[in-house]
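Chains as they are written, first to last, in the working numbering: chain H, 197 to 652; chain B, 197 to 652.
What the hints contain is simulated information worked out from the structure, not anything from laboratory work.
Hints may be right or wrong, so weigh each one.
To be verified - Per label pair, the in silico range of CB-to-CB distance:
no., chain 1, residue 1, chain 2, residue 2, range
1, H, E257, B, E230, 47 to 55 Å
2, B, P239, H, L527, 33 to 41 Å
3, B, E222, H, R361, 45 to 53 Å
4, H, E201, B, V229, 33 to 41 Å
5, H, S416, B, E424, 30 to 38 Å
6, H, A567, B, P239, 41 to 49 Å
7, H, R414, B, E516, 38 to 46 Å
To be verified - Computed list of chain B residues with no C-beta within reach of chain H, every gap over 12 Å:
no., residue
8, D228
9, R414
10, R566
11, L586
Since the structure is predicted, the reported quantities are computational estimates derived from the model, not experimental observations.
Ideal Cβ positions, reconstructed from N, Cα and C, are used throughout, including at glycine.
2 protein chains.
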Amino acid sequence: MDAAEFRRRGREMVDYVADYLENIEERPVSSDVEPGYLRSLIPTEAPLEPDNYDDIIKDVERVIMPGITHWNSPYFYAYFPASNSYPAMLADMLCGGLGCIGFTWAASPACTELETVMLDWLGKMLKLPDHFIAGTHGRGGGVIQGTASEATLMALLAARCKTLRRIRAANSELSEGEIRSKLVAYTSEQAHSSVERASLIGDVTMRMVPTDSTYAVRGSMLKKMLEEDKAAGLIPFYFCATLGTTASCAFDNITELGPICNKEHVWMHIDAAYAGSAFICPEFRPLLNGIEFADSFNFNPHKWLLVNFDCSTMWVKKREDIIGAFNVDPLYLKHENQESGAVQVYFHLHTQYILQTQVALAKEFESLVRADKRFEICAEVVMGLVCFRLKGSNDLNQLLLKRITNSREIHLVPCQLSGVFVLRFAICARSTDSRHIQHAWRHITQLSCELLQENH
Amino acid sequence: MDAAEFRRRGREMVDYVADYLENIEERPVSSDVEPGYLRSLIPTEAPLEPDNYDDIIKDVERVIMPGITHWNSPYFYAYFPASNSYPAMLADMLCGGLGCIGFTWAASPACTELETVMLDWLGKMLKLPDHFIAGTHGRGGGVIQGTASEATLMALLAARCKTLRRIRAANSELSEGEIRSKLVAYTSEQAHSSVERASLIGDVTMRMVPTDSTYAVRGSMLKKMLEEDKAAGLIPFYFCATLGTTASCAFDNITELGPICNKEHVWMHIDAAYAGSAFICPEFRPLLNGIEFADSFNFNPHKWLLVNFDCSTMWVKKREDIIGAFNVDPLYLKHENQESGAVQVYFHLHTQYILQTQVALAKEFESLVRADKRFEICAEVVMGLVCFRLKGSNDLNQLLLKRITNSREIHLVPCQLSGVFVLRFAICARSTDSRHIQHAWRHITQLSCELLQENH
């Protein structure tokens, strides 16, 4: 394909994408294919002769689209949003054309510099403490990761390294293996599964801290566990707090937890993957109070700030903690102006309007649920997530979700709160409006009616 | 930005990218900016009012381009290629428009299925053994990672987990901590720095195996280290072989190494990040002989197969080894058809033509070097990398590279072989042709002439 053909095909692809997003409501939000559906639709081996371009594009509708869950459909209420937007797509096209890899400053200075300065912009929008901003006299700064899981792991590994060095310096008689086997990490029992996975990768013990009635970890709960473990000769070293849990969007009490962690040399990482974007709105910023105690903080602009996947932004209080943990320095990466590098991104910052609209839609859905005595709300609605269920058994609610899923009119996923099976209704698509919320509720109540009648 | 504006701006961006790539030779290949150049060119905080789109695009030339190293310039001979191509860019535009996250099968079935089937296609093109192909009766298959570093780490962690289980099952008196402290991983002293970093993340000892005169690890060298370590009560568990090292494109002798690893329960991972693409060419496929002994294998289509970053393909012999090591199963990710998920990608397979052309260009450059008695070739030229230097001191060659870099006519990076400072000339851009090679050589010899005259 030469440049001339790319110009023609590129225009067609821009139109295809615009058509897709303009007409996304007409497609069933979720897929009804069976596992293995795709293999039979294409040859078993790569063709030896090139395919015709038009045939390849026809295959998008014939082969790919039947197996797509349309995350940007206004009928998509599952997981959390995976935002994309037209400006972000344009920026990605530019990045693809440049095709440079910013693994060191010298490998393309603009990548590292733009990343650092944009994370200062974004950090200031969130009113992060000065020590997280690179362009100050502090020792911290921001860096882009692929996902919140990576940020959680990175922080855990840095904390592990820092603690090993600290304990060894004070107790030269202890071997590294002995110290390692005493390390304990902590997180909420409501934390995302990737936090537990980080402890498996880092090969350290992780204890799950119980939560209060709002599914938040409180200072007293962590303190109790720390005392127990220290008394048993163990070494607490890492706590991952969550602001906006996946199950119910609960907020750990970091103003209580932070001072405890600081006093005990426990690295406090804050995972605000979903909720973090909302802290640019003044009315939500108080939920980030306590950030001044954190060693690292992370949220996903690719969830709720209209940036395409993947863009997970992480700030650390001391850059040297991260760099020191993994530095290996081969000659082919040396250059005169060394710096920690990372992946290129170029993004345009957006306003608070869409976030506030989506929170209002969640409140609208909440009030519909509350007005119907057959249902109950299962967790406080703070942002764009509503946890609700039919009053009654778990089996009943599982059956309701199964019917919702099979109808393929809307798409949502469940969670478990206090051992109870709960439906999660997350406002995801940029195009979701009141009309879609009302429709979703009518659909849910109609399926519920049928179900309750059959059960009586 | 609405769909209508996206259609207009998208066309402009397609043209911008095509113009950029058509005229890339006119830009200096590397940047002459000083660290911190970018911060002063833009405001210190995000604007409260939206910028005008045209102004933002003007900023690409004003702010970004001066700090870009043009990886797709035909004058770029540094690191290894970071391929992009027009079809890959079109596929990325489509992915951005769909914006779905394929972290489980249900989250978008087409993502997982296309990935699995395309990796079967690609695996068959490389003539991988059947047990690596998912659509057979074997237990293996392929999965896409972001980078070769991730694949190396993933394999190391899976091997660590598998070995811990095996040793514990046979020696119930040993604690997990005791076993862990005895684990030893191995790799070539010529391996990429990310292999050592994987051992830091996995917190296991890694020993560097010496290489022969071609910078390859031989069976006897690994065997000797294994015997020593076993005699000392240690537990060898992982060996990362390299096919096509970063420094000199050397090939570890996996037909010798494989049987030793298999016999000793040592997981053999093969990192063929750069060279792997070439194995689709029949004349290079013999370099992959011995793959039948590997537990996992990885290479980067984003390096040399015209796929945009990031797309690093990994095959494992037994899927359960990877899945078993990190499985955590929260309710919000459960669904009826569970499968290991991964990131979406759609790529068109390409012919062998470009690879063979690039290898021929490397041979052309090699013959230019060999014809000039002032220079020497430092490692066998097998693929697209030529390691060479001026006969003489390291200081002399460092000075030559400094002048090449400062001239900004061509861009290359050094490496170290047997303690000697060597220049690495890697054929990277799709558009590099014989004219560029001849120009590069004239440029290098002219700078060398000046340097040698000054020194006499």
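The hints, checked one at a time:
Taking 47 to 55 Å as the suggested C-beta distance range, the pair E257 of chain H and E230 of chain B conforms, at roughly 51 Å. At roughly 38 Å, the beta-carbon separation of P239 of chain B and L527 of chain H lies within the given 33 to 41 Å, and the hint holds. For E222 of chain B and R361 of chain H, the Cβ-Cβ distance of about 50 Å falls inside the hinted range of 45 to 53 Å, so the restraint holds. The given range of 33 to 41 Å is respected by E201 of chain H and V229 of chain B, whose C-beta atoms sit roughly 34 Å from each other.
Take S416 of chain H and E424 of chain B: their Cβ atoms lie about 53 Å apart, and the range 30 to 38 Å is violated. For the hinted restraint 41 to 49 Å between A567 of chain H and P239 of chain B, the CB-CB distance of approximately 47 Å keeps it satisfied. Evaluation of the 38 to 46 Å hint for R414 of chain H and E516 of chain B yields a pass: the beta carbon distance comes to about 40 Å. At the 12 Å boundary, the C-beta of D228 of chain B falls inside the reach of chain H, the nearest C-beta of that chain being 9 Å off.
Non-interface status of R414 of chain B relative to chain H is upheld: no Cβ of that chain comes within 12 Å, the nearest being about 22 Å off. Once the 12 Å rule is applied to beta carbons, R566 of chain B is consistent with being away from chain H; the minimum gap is 23 Å. Even its closest Cβ contact with chain H, about 17 Å, leaves L586 of chain B beyond 12 Å, as expected for a residue assigned away from the interface.
Hint check: violations occur at hints 5, 8; the rest are consistent with the structure.
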